[in-house]
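Can you build the whole structure from these sequences, using the hints too?
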Amino acid sequence: MPVNLDSYLGVHAAALKLRSQRTEVLAANIANADTPNYQARDIDFKSALAAASGAKDSGVHLATTSAGHIGTNSVSGGAAPELKYRTPLAPSLDGNTVDAQLEQAAFAENTVHYQATLTFVSAKFRALMTAITGQ
Amino acid sequence: MSSFKIFDVAGSGMSAQSVRLNTTASNLANADSVSGDPNQVYKAKHPLFEALRAGSGVNAASAGVSVRGITENQTPPSARYEPGNPLADSNGYVYAPNVNTVEEMVDMISASRSYQNNVEVMNTAKDMMIATLKLGQ
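For the protein sequence lines, the chains are P and E, in the order given. Quick note: the first sequence uses the working numbering, first residue 24, plus one each step. Quick note: the second sequence uses the working numbering, first residue 5, plus one each step.
Read the hints as simulated data drawn from the structure, not as lab findings. Quick caveat, the model's predicted, so the values are computed rather than measured. Just so you know, not all the hints are guaranteed correct.
Listed next, the stretches of chain P that the computed footprint assigns to chain E, with coverage defined by at least 3 CB atoms under 8 Å from CB atoms of chain E [said to hold, decoys possible]:
id : segment
1  : 122 to 130
2  : 133 to 147
Here are the computed lysine-lysine pairs in the DSSO-like style, where the Cα-Cα straight-line distance is at most 27 Å [said to hold, decoys possible]:
id : chain 1 : residue 1 : chain 2 : residue 2
3  : P       : Lys107    : P       : Lys40
4  : E       : Lys47     : P       : Lys147
5  : E       : Lys130    : P       : Lys69
6  : E       : Lys9      : P       : Lys107
7  : E       : Lys9      : P       : Lys40
8  : P       : Lys69     : P       : Lys107
9  : E       : Lys9      : E       : Lys138
10 : E       : Lys130    : E       : Lys9
11 : P       : Lys40     : P       : Lys69
12 : P       : Lys69     : E       : Lys49
13 : E       : Lys138    : P       : Lys107
14 : P       : Lys40     : E       : Lys130
15 : P       : Lys147    : E       : Lys138
16 : P       : Lys147    : P       : Lys40
17 : E       : Lys138    : P       : Lys40
18 : P       : Lys147    : P       : Lys69
By construction, the Cβ of each residue, glycine as well, lies at the ideal position given by its N, Cα and C atoms.
As structure tokens, this is what we get:
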């Protein structure tokens, strides 16, 4: 029975990529904590992962009744996940919506999840190695 | 690999905050540099930050921060009557810079904290990448 490595890793490969992209977005937020008119952004991880792993998300989409129609999924469903703007709790007078504490918390949470996903992938590889070497 | 961009982002944040610390240091150092000419007196300097956008459209991720320029505070300097000062003008006035030292100290703390935040981001990103490189070992 041939093993497809992509399906063997399951959702974790896509999750790892999304986590690293989210780290980048959060790093940009923290770097721009003092930039006037900068609006904090984030990835909705749940819907982005659903889109990346091919599952139907529960959002509202345009109906495609003809072959020429462009579906709303195909617009955002690419390599880059959809970036959303954070709803500010207390925006500052200069138009900046970065909440440093919130971003730090999100960054820490994202890092822990990244490491958890990494542990899952690593365990999958170890299981594969055990199967290959038979020890 | 896209993770390398985090170093650029955090690095741009660190460099922007260090420019801000530099202007604060310059403002504090010159807080008492009086002059006999109101046009020659030192003016408080502040950096102007701008987000660097990578790509365009709704999904354009920001790729850090840049210092667009240094602005000078245009508030008129305060005049002090000091006829004994060798720098005083013909009416006996010297002009003090429009530097608000309390504001500058607060700005310094804010810049230093933001700098530390960016350092922390860089450290975490580095640890994440090292962990990824050790994958499968």
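Hints, verified against the model:
1. Residue count for the segment 122 to 130 of chain P with a Cβ under 8 Å from a Cβ of chain E: 3. That meets the three needed, and the coverage hint holds.
2. Interface restraint, the segment 133 to 147 of chain P with chain E: holds (6 residues with C-beta to C-beta distance below 8 Å; minimum three).
3. Our distance criterion of 27 Å between C-alpha atoms is met by lysine 107/P and lysine 40/P, whose separation comes to about 18 Å.
4. Distance restraint check for lysine 47/E and lysine 147/P: the Cα-Cα separation of roughly 62 Å exceeds the 27 Å cut-off, and the hinted pair is therefore not satisfied.
5. The suggested pairing of lysine 130/E with lysine 69/P holds, with an alpha-carbon distance near 25 Å, which does not exceed 27 Å.
6. At most 27 Å may separate the alpha-carbon atoms for a hinted pair to count; lysine 9/E and lysine 107/P meet this at roughly 19 Å.
7. For the hint pairing lysine 9/E with lysine 40/P, the CA-to-CA distance comes to about 14 Å; that is within 27 Å, so the pair holds.
8. Between lysine 69/P and lysine 107/P the CA atoms are separated by roughly 13 Å; this keeps the pair inside 27 Å, and the hint holds.
9. A threshold of 27 Å between alpha carbons decides the hint, and for lysine 9/E with lysine 138/E the separation of about 20 Å falls inside it, so the pair holds.
10. This hinted pair checks out: lysine 130/E and lysine 9/E have alpha carbons roughly 12 Å apart, not beyond 27 Å.
11. Between lysine 40/P and lysine 69/P the alpha-carbon distance is near 13 Å, which keeps this suggested pair within the 27 Å criterion.
12. With a C-alpha separation of about 45 Å, the suggested pairing of lysine 69/P with lysine 49/E is violated against the 27 Å cut-off.
13. Distance hint between lysine 138/E and lysine 107/P is unfulfilled; the C-alpha atoms sit about 32 Å from each other, more than 27 Å.
14. A C-alpha spacing of about 16 Å is found between lysine 40/P and lysine 130/E, which places the hinted pair at or below 27 Å, so the restraint holds.
15. In summary, the hint linking lysine 147/P to lysine 138/E is supported, as the alpha carbons are separated by about 14 Å, within the 27 Å threshold.
16. Taken as a hint, the lysine 147/P and lysine 40/P pair is honoured in the structure, with Cα atoms around 17 Å apart against an allowance of 27 Å.
17. This hinted pair checks out: lysine 138/E and lysine 40/P have alpha carbons roughly 16 Å apart, not beyond 27 Å.
18. The suggested pairing of lysine 147/P with lysine 69/P holds, with an alpha-carbon distance near 22 Å, which does not exceed 27 Å.
Hints 4, 12, 13, counting from the list given before, are not met by this structure.
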